[in-house]
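Protein sequences appear in the order of chains A and B.
Numbered per my numbering, the first sequence spans residues 4 to 329.
Numbered per my numbering, the second sequence spans residues 4 to 329.
The set of hints was computed from the structure by calculation and includes no laboratory data.
Note that the coordinates shown come from a computational prediction; the quantities given were computed from them, not determined experimentally.
Please note that a few of the clues may not be correct.
[Claimed, not checked] Each pair of labels, with its calculated beta carbon distance range:
| # | chain 1 | residue 1 | chain 2 | residue 2 | range |
| --- | --- | --- | --- | --- | --- |
| 1 | B | L221 | A | R167 | 51 to 61 Å |
| 2 | A | E31 | B | N166 | 28 to 38 Å |
| 3 | A | T13 | B | D72 | 22 to 32 Å |
| 4 | A | A27 | B | D196 | 28 to 38 Å |
| 5 | A | T307 | B | Q240 | 42 to 52 Å |
| 6 | B | R326 | A | G68 | 51 to 61 Å |
| 7 | A | A253 | B | I22 | 27 to 37 Å |
| 8 | B | M160 | A | D70 | 37 to 47 Å |
| 9 | A | S49 | B | I22 | 45 to 55 Å |
| 10 | A | H46 | B | L221 | 35 to 45 Å |
| 11 | A | V41 | B | L262 | 45 to 55 Å |
| 12 | A | E271 | B | K279 | 53 to 63 Å |
[Unchecked claim] Footprint (simulated), chain B over chain A, 3 or more residues, beta carbon under 8 Å:
| # | stretch |
| --- | --- |
| 13 | 37 to 43 |
| 14 | 90 to 99 |
Every residue gets a Cβ at the ideal spot worked out from N, C-alpha and C, and that includes glycine.
2 protein chains.
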Amino acid sequence: MVSVLLTTATFFNPVQDRIPLVEARMREQSNGHHVDLVAALDHLLSSGGKRVRPVVALLTGSMLGADPDRLITLAAAIELLHTATLVHDDLIDGSLLRRGFPTLNAQWSPAATVLTGDFIFARAAKLAAETSSVEVMRLFAQTLATIVNGEITQLFMNHQPINRQDYFDRIYAKTASMFELASTAAAVLSQVDEHAQEAMHNYGYEIGMAFQIVDDVLDFTGEQETVGKPVANDLRQGLITLPTINYLEAHPEDPDGRLLGIGNYYNEDRVMRLAKAIRESQAIDKALAEARTFVERGLQALTTFPSSPERTALEDLAKFIVRRHL
Amino acid sequence: MVSVLLTTATFFNPVQDRIPLVEARMREQSNGHHVDLVAALDHLLSSGGKRVRPVVALLTGSMLGADPDRLITLAAAIELLHTATLVHDDLIDGSLLRRGFPTLNAQWSPAATVLTGDFIFARAAKLAAETSSVEVMRLFAQTLATIVNGEITQLFMNHQPINRQDYFDRIYAKTASMFELASTAAAVLSQVDEHAQEAMHNYGYEIGMAFQIVDDVLDFTGEQETVGKPVANDLRQGLITLPTINYLEAHPEDPDGRLLGIGNYYNEDRVMRLAKAIRESQAIDKALAEARTFVERGLQALTTFPSSPERTALEDLAKFIVRRHL
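If we strip away everything but chain A, and leave its shape as in the complex, we get (with noise of 0.2 Å):
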């Protein structure tokens, strides 16, 4: 059970003195290159972001006894992965802000944009070949094309009728891919064995899960202000997610749900009203109830090994991850 409410701060502790040097790896991308891209990549960097991807890397390298060079190359590689994402994703979405940020595509063409997601993907791929490991570079490029073709499926089928199983399978692609690759990884650097490789690749694929579901209940929950896009965003833009599917079970009669996936949904009183109704129904606790039983099964991954801080700050990471909603 999740019991005591953390701060950010905690789960950092192992590897706090990494972080700046996740940081000089990946801000060193640009170096040598066209000044627009330096700029661009430090825009970027500087946009915010919590680094969670690369300190779950830092955490699971640390704990497994990886070698610290190479550590830090994983987890700016996992980041600027990451960034590259969405870059392509801001601009498919026409996206204007992220995390309260101006959006590279709301200032730049969409061909800058294209090109500065691309090139971000070389670096990444540059870093991930210079953790010198083929079975990290492989996994890097299936997460890559698993995160692709997740958003392309997302593509077509928008404004299509979608089901847990679909919900499930799109917050894998997009999210807990990611987790999954920064946990697996990093093991697979420590050189541990396959046992505990799929640990980590479970803990890493559960906390991913989590992830999402409380992010798609802050959707709902947020202020404009925390999250940095307006309220109900998602339903906004025909996107149908956990809080919206249990609802949806709940009260099929609902006529503003039942417009949901057919043709062009949006009209503001229509999406404000279905919001509403989603946040005073059981639908956001059950959710929520969801996320905590992926991060028990997180939790229950990491029991395999021995205690040690970078094994508590995994586990704070993980029941962080559900507590965020308050």
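On the provided structure of chain A, position chain B as indicated by the hints.
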């Protein structure tokens, strides 16, 4: 000196039976993914393309003793990387035709086009990882960064004065870097010594530079039916290539030429007039002579290797590059 008129087929011979295996390896990359991705990859791979880059890799690896299966994986990875860059390129340029076939962006939304390019990048990276060579992965990532940095530089330099060195930098990034990757990575897979790797690196670089110069000449001298795009298309888009540079050096007084690089150059009469002047000047022959110099250096690099059918084919390929304009 280049003295024999060659047909396309000659240089394929020693690896003729492997091309279908490379094609199959490329096509199977969409297996299990979204049906529209399968269709897109099929369209892209069916839209022509002479597979020159995979042939360079196959001939090199076959000459130097690379493992046959890893070599096919490498050749497929290289052609997919090339394909992915073309997909984003065409989107950025707004090109509707490539090799006479509709581009992906002519039929699909920008979002779907960006993601399809990303997916093909991901599969190219996966194949590169499957060669099990960290050095090959590193070369791949480096090449992608070079290509993208070149495109960004070009994007931000559009309509600015250009000189010979800028031109050579640009065609290195755009074309020669990928030929260099094909020959170098195949040598790396073959586990030959540094001297042999360096020789194949030089071969790829030199013929890649020649290849793009001849492409740029064909933009002036080719027929629309053969080239698959309107004559003088580069000039029309404000892109200054070697024939134009040669012409401007010899005819600094041409009023049509003096306007190049200043604001929005496009004016169909002006473009056709300048293209005609360039065609009728020595600029084309001079550019072809420069391409031949690159080819000669490429041939020179091959002399370090004993005679073999593959070496002869690599020589034929190099010579064919500068005979294409006939």
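Against the structure, the hints:
{"no.": "1", "hint": "B:L221 with A:R167: 51 to 61 Å", "result": "56 Å, holds"}
{"no.": "2", "hint": "A:E31 with B:N166: 28 to 38 Å", "result": "29 Å, holds"}
{"no.": "3", "hint": "A:T13 with B:D72: 22 to 32 Å", "result": "49 Å, violated"}
{"no.": "4", "hint": "A:A27 with B:D196: 28 to 38 Å", "result": "36 Å, holds"}
{"no.": "5", "hint": "A:T307 with B:Q240: 42 to 52 Å", "result": "59 Å, violated"}
{"no.": "6", "hint": "B:R326 with A:G68: 51 to 61 Å", "result": "59 Å, holds"}
{"no.": "7", "hint": "A:A253 with B:I22: 27 to 37 Å", "result": "58 Å, violated"}
{"no.": "8", "hint": "B:M160 with A:D70: 37 to 47 Å", "result": "41 Å, holds"}
{"no.": "9", "hint": "A:S49 with B:I22: 45 to 55 Å", "result": "48 Å, holds"}
{"no.": "10", "hint": "A:H46 with B:L221: 35 to 45 Å", "result": "40 Å, holds"}
{"no.": "11", "hint": "A:V41 with B:L262: 45 to 55 Å", "result": "32 Å, violated"}
{"no.": "12", "hint": "A:E271 with B:K279: 53 to 63 Å", "result": "58 Å, holds"}
{"no.": "13", "hint": "37 to 43", "result": "holds (count 3)"}
{"no.": "14", "hint": "90 to 99", "result": "holds (count 3)"}
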